[in-house]
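Could you put the whole structure together from the sequences, leaning on the hints where they help?
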Amino acid sequence: MANGSSRPLSPHLQVYRWQWTMALSILHRATGIALTVGTLLLAWWLIAAAAGPAAFARAQGFIGSGLGMLMLFGWTFALYYHLCAGIRHLVWDAGYGFELQYAQRGAYIVIGAAVGLTIMSWIIGLAVW
Amino acid sequence: MANDTAKQLRNPLQKARGLGSAKHGAEHWWGQRLTSLALIPLTLWFVLGVIGHLGADHAAFQAWMRSPVTAAMMILTVAVTFHHAASGMQVVYEDYLHVEWQKLAADIVTKFLCYGLAAACIVSVLKLSFGA
Numbered sequence: 001m002a003n004g005s006s007r008p009l010s011p012h013l014q015v016y017r018w019q020w021t022m023a024l025s026i027l028h029r030a031t032g033i034a035l036t037v038g039t040l041l042l043a044w045w046l047i048a049a050a051a052g053p054a055a056f057a058r059a060q061g062f063i064g065s066g067l068g069m070l071m072l073f074g075w076t077f078a079l080y081y082h083l084c085a086g087i088r089h090l091v092w093d094a095g096y097g098f099e100l101q102y103a104q105r106g107a108y109i110v111i112g113a114a115v116g117l118t119i120m121s122w123i124i125g126l127a128v129w
Numbered sequence: 001m002a003n004d005t006a007k008q009l010r011n012p013l014q015k016a017r018g019l020g021s022a023k024h025g026a027e028h029w030w031g032q033r034l035t036s037l038a039l040i041p042l043t044l045w046f047v048l049g050v051i052g053h054l055g056a057d058h059a060a061f062q063a064w065m066r067s068p069v070t071a072a073m074m075i076l077t078v079a080v081t082f083h084h085a086a087s088g089m090q091v092v093y094e095d096y097l098h099v100e101w102q103k104l105a106a107d108i109v110t111k112f113l114c115y116g117l118a119a120a121c122i123v124s125v126l127k128l129s130f131g132a
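As they're listed, the protein sequences go chains A and B. Counting in full-length UniProt numbering, the first sequence runs from 1 upward without gaps. Counting in full-length UniProt numbering, the second sequence runs from 1 upward without gaps.
Treat the hints with care, as some may be off.
Unchecked claim - Stretch-level coverage of chain A by chain B, calculated; a stretch enters the list once three of its residues show a Cβ under 8 Å from a Cβ in chain B: (1) 26-37; (2) 52-62; (3) 79-89; (4) 119-125.
For the record, the hints were derived by calculation from the structure and aren't laboratory data. Ideal Cβ positions, reconstructed from N, Cα and C, are used throughout, including at glycine.
Here you go:
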């Protein structure tokens, strides 16, 4: 690939073979952005509670609605995924787990844990709701 | 550039000095790690607390916030979460926005919003905790 400077250029995103480790990396950033937007829901919940019973009932009513529960479900998965993948990143930052087989295994663990924790939380959540 | 330096007596190192991170380059990176570490227990506490108060009425929610431990944990969760979100979004902007003013504008708006919302959330918790 020519870049005008005769220096090697890494291949562009489009020509990479899709793999788990790469998908997880992208998903970590995507869930981070989603959770940043999701903080609006957290802020609404707390501010509504401080505003009084009527405002809090409205917020709780929205969270209990179909759309609210769908958003909360996505929020739960994003939170657990970002939490698990974040721990994996901290392990890397400490200098461990860079070998290919560990990176691959870590990816499966993160996905499994995020899905498992999401389902478990919703089973418990719906039972006590 | 090469010709430029050849004409000058000053060593190129002299020009480069002080332009680097000046030993503070890791501050943002470290801040992200520190907040993510703190958010592991805070997030787990928060999720359990939310599950325990799904569909709760106002009185029950306020009773929860009246506990000093709850109020302190919620304030920590909110403060660290918004700080973590703001510094994470900054990296996203730095990676994808290549026009300087757009990058700056996005970062300023995000930080103002994040710290504004954090303040509103903390005041809300305090009001519930200490208010009538």
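We went through each hint and held it up to the structure:
no.	hint	in the structure
1	26-37	holds (count 5)
2	52-62	holds (count 5)
3	79-89	holds (count 5)
4	119-125	holds (count 3)
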